[in-house]
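J.: Listed below, chain by chain, are the residues.
2 protein chains.
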Amino acid sequence: MNKRDYNFSAGPAVLPEPVLAEVQRDLMALPGVGASILEISHRSKTFEDIIGQAESNLRQLLAIPDNYAVLMLQGGARLQFSMIPMNLMGGGRRTCDYLVTGSWSKYAAQEAVKFGETRVAWDGKPTNYDRLPTPGEWRLDPKAAYVYYASNETIQGVQFSTEPESGDVPLVCDASSDFLSRPVDVQKYGILYACAQKNAGPAGLTVIIIRKDLLERSSDRLPGYLNFQIHAEAQSLWNTAPTFPIYVLMLVTKWLIADVGGLAKMEAQNRAKAKLLYDVIDASGGFYAGHAQPSCRSMMNVSFRLPSDELTAQFLHGAEERSMTDLKGHRSVGGIRASIYNAMPVVGVERLRDFMLEFRENSDE
Amino acid sequence: MNKRDYNFSAGPAVLPEPVLAEVQRDLMALPGVGASILEISHRSKTFEDIIGQAESNLRQLLAIPDNYAVLMLQGGARLQFSMIPMNLMGGGRRTCDYLVTGSWSKYAAQEAVKFGETRVAWDGKPTNYDRLPTPGEWRLDPKAAYVYYASNETIQGVQFSTEPESGDVPLVCDASSDFLSRPVDVQKYGILYACAQKNAGPAGLTVIIIRKDLLERSSDRLPGYLNFQIHAEAQSLWNTAPTFPIYVLMLVTKWLIADVGGLAKMEAQNRAKAKLLYDVIDASGGFYAGHAQPSCRSMMNVSFRLPSDELTAQFLHGAEERSMTDLKGHRSVGGIRASIYNAMPVVGVERLRDFMLEFRENSDE
Numbered sequence: 001m002n003k004r005d006y007n008f009s010a011g012p013a014v015l016p017e018p019v020l021a022e023v024q025r026d027l028m029a030l031p032g033v034g035a036s037i038l039e040i041s042h043r044s045k046t047f048e049d050i051i052g053q054a055e056s057n058l059r060q061l062l063a064i065p066d067n068y069a070v071l072m073l074q075g076g077a078r079l080q081f082s083m084i085p086m087n088l089m090g091g092g093r094r095t096c097d098y099l100v101t102g103s104w105s106k107y108a109a110q111e112a113v114k115f116g117e118t119r120v121a122w123d124g125k126p127t128n129y130d131r132l133p134t135p136g137e138w139r140l141d142p143k144a145a146y147v148y149y150a151s152n153e154t155i156q157g158v159q160f161s162t163e164p165e166s167g168d169v170p171l172v173c174d175a176s177s178d179f180l181s182r183p184v185d186v187q188k189y190g191i192l193y194a195c196a197q198k199n200a201g202p203a204g205l206t207v208i209i210i211r212k213d214l215l216e217r218s219s220d221r222l223p224g225y226l227n228f229q230i231h232a233e234a235q236s237l238w239n240t241a242p243t244f245p246i247y248v249l250m251l252v253t254k255w256l257i258a259d260v261g262g263l264a265k266m267e268a269q270n271r272a273k274a275k276l277l278y279d280v281i282d283a284s285g286g287f288y289a290g291h292a293q294p295s296c297r298s299m300m301n302v303s304f305r306l307p308s309d310e311l312t313a314q315f316l317h318g319a320e321e322r323s324m325t326d327l328k329g330h331r332s333v334g335g336i337r338a339s340i341y342n343a344m345p346v347v348g349v350e351r352l353r354d355f356m357l358e359f360r361e362n363s364d365e
Numbered sequence: 001m002n003k004r005d006y007n008f009s010a011g012p013a014v015l016p017e018p019v020l021a022e023v024q025r026d027l028m029a030l031p032g033v034g035a036s037i038l039e040i041s042h043r044s045k046t047f048e049d050i051i052g053q054a055e056s057n058l059r060q061l062l063a064i065p066d067n068y069a070v071l072m073l074q075g076g077a078r079l080q081f082s083m084i085p086m087n088l089m090g091g092g093r094r095t096c097d098y099l100v101t102g103s104w105s106k107y108a109a110q111e112a113v114k115f116g117e118t119r120v121a122w123d124g125k126p127t128n129y130d131r132l133p134t135p136g137e138w139r140l141d142p143k144a145a146y147v148y149y150a151s152n153e154t155i156q157g158v159q160f161s162t163e164p165e166s167g168d169v170p171l172v173c174d175a176s177s178d179f180l181s182r183p184v185d186v187q188k189y190g191i192l193y194a195c196a197q198k199n200a201g202p203a204g205l206t207v208i209i210i211r212k213d214l215l216e217r218s219s220d221r222l223p224g225y226l227n228f229q230i231h232a233e234a235q236s237l238w239n240t241a242p243t244f245p246i247y248v249l250m251l252v253t254k255w256l257i258a259d260v261g262g263l264a265k266m267e268a269q270n271r272a273k274a275k276l277l278y279d280v281i282d283a284s285g286g287f288y289a290g291h292a293q294p295s296c297r298s299m300m301n302v303s304f305r306l307p308s309d310e311l312t313a314q315f316l317h318g319a320e321e322r323s324m325t326d327l328k329g330h331r332s333v334g335g336i337r338a339s340i341y342n343a344m345p346v347v348g349v350e351r352l353r354d355f356m357l358e359f360r361e362n363s364d365e
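Top line first, the protein sequences correspond to chains A and B. When we follow this note's numbering, the leftmost residue of the first sequence carries the number 1, and every step to the right adds one. When we follow this note's numbering, the leftmost residue of the second sequence carries the number 1, and every step to the right adds one.
Misleading hints may appear alongside valid ones.
Copies of the same chain look alike in the list, so a pair counts if it works inside one copy or between any two.
BS3-like cross-link-like pairs, simulated, lysine-lysine; straight-line CA separation at most 27 Å [said to hold, decoys possible]:
1. Lys45 - Lys328
2. Lys328 - Lys212
3. Lys275 - Lys212
4. Lys3 - Lys254
5. Lys143 - Lys265
6. Lys3 - Lys45
7. Lys3 - Lys106
What the hints contain is simulated information worked out from the structure, not anything from laboratory work. None of these values were measured; they are calculated from a predicted model.
Full structure from sequences and hints, please.
T.: Right under this line is the structure:
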């Protein structure tokens with residue numbers, strides 16, 4: 001087997017090793033099927049069982065109520081940036097509210113503008129998106145078609161600890177980078193969606209959990225693939241589904257249930273992993289400067305800066321030598337970003353923690 | 001290794017065994033990379049090399065000129081059914097012409113209607129799509145934004161042997177089910193596109209070859225993911241690309257170049273495979289009745305009926321016993337459909353031929 005590093009990529013990102021091992025074992029042919037998962041029809045009994053199991057695992061992990069549909073589509077979060085206003089805003093007759101807390105909610109709001117009046121209810125730009133709004137800081141429109149936010153901003157490393165209160169207005173959440181990392185109360189959402197390539201599988205799949213009454217807002221005039229109602233009626237098999245990513249999602253959710261023991265246990269692990277790194281940052285006397293304000297810190301993406309670009313380059317080089325990769329921060333924030341999703345083992349984070357301590361010690365001399 | 005059958009699925013469909021073997025070998029980690037193809041960033045050097053190699057292989061196999069862009073997107077042919085009229089028709093100011101020769105061109109025309117005046121220039125419905133138009137039979141609008149057709153209809157098994165003549169009007173072709181099965185002259189097309197899951201890779205990827213001057217028609221008001229111009233400028237990395245299907249496409253095109261020896265040789269193999277089955281049909285005295293008229297027969301999807309539903313069921317059962325699967329015809333045509341894409345080995349088609357001969361002989365008694 002080729003050597004595996006500790007991969008801190010923000011996405012596509014590390015997957016659980018037992019999942020990869022099962023994919024590899026059965027790659028040439030699924031047991032008793034006679035063909036690879038890459039070769040079987042999306043309408044075969046075998047695949048119907050796989051997509052059914054993926055949905056049933058998601059329903060179990062997140063306690064998804066019956067009045068919510070689960071869709072598995074292509075096109076990533078970017079396609080959702082369009083689909084959500086196109087389906088929910090009644091062809092521009094209604095308005096929508098966006099909480100802009102980082103790069104991804106900003107891109108989403110920029111797209112919504114094309115489809116109707118889009119109000120930015122709060123914008124974290126003045127402090128380079130290092131914090132989240134407090135409940136009194138934003139005012140929502142009670143007549144809005146929906147309120148949109150991103151539960152975790154991958155680039156800035158800020159994460160909501162609970163859902164913003166939206167009253168009777170449907171709450172729409174991009175959970176791409178913290179999906180399945182902790183329990184959430186699905187009933188608080190109109191739509192909860194996530195692309196798979198952080199915590200749920202490979203690139204090419206987006207999971208959309210949508211309250212069924214919202215499906216009635218989809219117009220027949222929408223582009224067919226962009227119509228939530230069509231996909232819900234066809235149980236995500238209106239067209240050829242992304243069969244392989246759905247298979248991996250099924251294996252990842254099985255791993256979360258059987259190996260991890262559910263999302264409460266996953267959250268405890270994630271919290272402990274993040275604490276290892278934030279503790280080093282907080283005890284570093286400013287050598288490591290976290291981007292997010294402490295109350296808004298992400299458990300998934302730990303963004304911090306070093307005192308100089310030279311030290312940052314040395315840090316990245318030293319990490320690579322120790323088999324830790326993809327730690328370079330996004331250019332809009334700079335510094336280091338350690339993405340420590342569900343599948344990053346504690347031992348990987350401990351290795352990074354040890355290196356951070358060692359690097360700082362050596363830099364002090 | 002789990003047993004592999006001969007898989008005659010219409011798509012997702014059989015892939016070359018050497019491709020599957022390489023995917024399996026490196027599934028846990030690509031050589032020298034330290035992470036699985038499922039885990040690496042779409043912006044990593046490793047992936048940039050992979051997508052670059054996939055494009056360069058396609059350009060070599062199809063002799064794609066420099067004034068064409070190659071896009072690799074999500075959403076399948078179904079999303080193209082919307083994207084093409086949305087990008088090319090100038091927001092409904094122009095009209096378009098469709099040749100309706102089977103189920104897929106029919107669905108495409110039904111979608112185009114939403115975005116502007118859509119003319120059906122020819123419709124094969126009167127004979128249940130068992131033939132293609134002859135050049136004199138349709139009249140195209142010389143002012144149309146484009147002329148659309150499907151080079152091969154997967155369900156009905158009819159295939160154009162050459163491109164319809166469209167004069168100065170850009171020709172748009174859905175080549176989903178015969179892409180890379182034979183050489184084509186790309187310069188005849190405005191857009192040549194194909195979803196991957198028949199001849200080019202797994203589900204979740206669509207390749208769009210588009211003449212660059214057509215990109216100027218894309219409006220800024222389009223949904224971002226549906227804008228060809230945006231994807232062309234970003235070289236298909238505007239958002240997270242479907243990294244794994246693009247990796248498999250790279251391996252499949254490498255196989256076509258290095259193992260098969262190019263598309264002319266691939267076509268010769270495909271022609272020989274199809275002849276094995278059509279010869280049995282033609283010599284069966286009507287026992288096997290081909291759906292397509294002989295001059296329009298597909299080299300990819302061989303559709304035929306047996307004298308009764310009972311015999312069809314017996315045939316399918318006997319084929320399964322002999323490790324030949326997915327031969328059931330689509331419900332709109334009935335009978336049997338043998339999809340014999342590039343990766344179906346001659347030995348698999350010979351086995352089916354032998355069974356067809358044996359089955360007929362036993363039924364004659």
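J.: Taking the hints in turn, state whether each one holds.
T.: Cross-check of the supplied hints:
1. Lys45 - Lys328: between (44 Å within a copy, 14 Å between copies)
2. Lys328 - Lys212: neither (41 Å within a copy, 35 Å between copies)
3. Lys275 - Lys212: Answer is neither; intra-copy 38 Å and inter-copy 51 Å both fail.
4. Lys3 - Lys254: both (25 Å within a copy, 25 Å between copies)
5. Lys143 - Lys265: neither (38 Å within a copy, 63 Å between copies)
6. Lys3 - Lys45: between (36 Å within a copy, 18 Å between copies)
7. Lys3 - Lys106: neither (38 Å within a copy, 50 Å between copies)
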